[in-house]
Amino acid sequence: RKPRTTRTMPATDQNQAASVLLNLVTPPPRPPKEPPADSQVIPPPPPHCANSPSLGSAAHEMRRCKPCAFFWKNDGCQSGQGCLFCHLCPPDEKKRRKKERRFVEIG
Numbered sequence: 001r002k003p004r005t006t007r008t009m010p011a012t013d014q015n016q017a018a019s020v021l022l023n024l025v026t027p028p029p030r031p032p033k034e035p036p037a038d039s040q041v042i043p044p045p046p047p048h049c050a051n052s053p054s055l056g057s058a059a060h061e062m063r064r065c066k067p068c069a070f071f072w073k074n075d076g077c078q079s080g081q082g083c084l085f086c087h088l089c090p091p092d093e094k095k096r097r098k099k100e101r102r103f104v105e106i107g
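In the numbering used here, the protein residues as written are 1 to 107.
Calculated directly from the structure, the hints in this document are not laboratory data. Keep in mind the model is a prediction, meaning the values are calculated, not measured. One or more hints might be untrue.
[As the list claims (entries may be wrong)] Below are the DMTMM-like pairs computed for lysine to aspartate or glutamate, each with C-alpha atoms no more than 25 Å apart in a straight line:
1) K73 <-> D92
2) K94 <-> E105
3) K98 <-> D75
4) K95 <-> D75
5) K73 <-> E105
6) K66 <-> D92
7) K99 <-> E61
8) K66 <-> E100
9) K66 <-> D13
10) K73 <-> E100
11) K95 <-> E105
12) K94 <-> D75
13) K66 <-> E93
14) K73 <-> E61
15) K95 <-> E61
All chains should be built: construct the whole structure from the sequences, respecting the hints.
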């Protein structure tokens, strides 16, 4: 029997083959996400609560906050800066998230 010989590709061919395979496996970059057409502009905070945000607003940037149901009411939030709910969310955010959860549960 003859011993098996292993063929190897030149390094440039190997690099080119690896590049082609990588391009096949790697998904194309996604375009930047645009805000939905129905997104609303957040109005300025009510005058009675124009001071700094609440404790619950700390997670607002990560969308891990819970909107305060009282902040946008006429009397405002009685807890003020000590409130554990977010004062940075827009007025209808609580309703919007509830509707979104309902839609996800159904779908």
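The hints, checked one at a time:
| no. | hint | in the structure |
| --- | --- | --- |
| 1 | K73 <-> D92 | holds, 11 Å |
| 2 | K94 <-> E105 | holds, 17 Å |
| 3 | K98 <-> D75 | holds, 23 Å |
| 4 | K95 <-> D75 | holds, 19 Å |
| 5 | K73 <-> E105 | violated, 29 Å |
| 6 | K66 <-> D92 | holds, 12 Å |
| 7 | K99 <-> E61 | holds, 21 Å |
| 8 | K66 <-> E100 | holds, 14 Å |
| 9 | K66 <-> D13 | violated, 55 Å |
| 10 | K73 <-> E100 | holds, 22 Å |
| 11 | K95 <-> E105 | holds, 15 Å |
| 12 | K94 <-> D75 | holds, 18 Å |
| 13 | K66 <-> E93 | holds, 9 Å |
| 14 | K73 <-> E61 | holds, 23 Å |
| 15 | K95 <-> E61 | holds, 19 Å |
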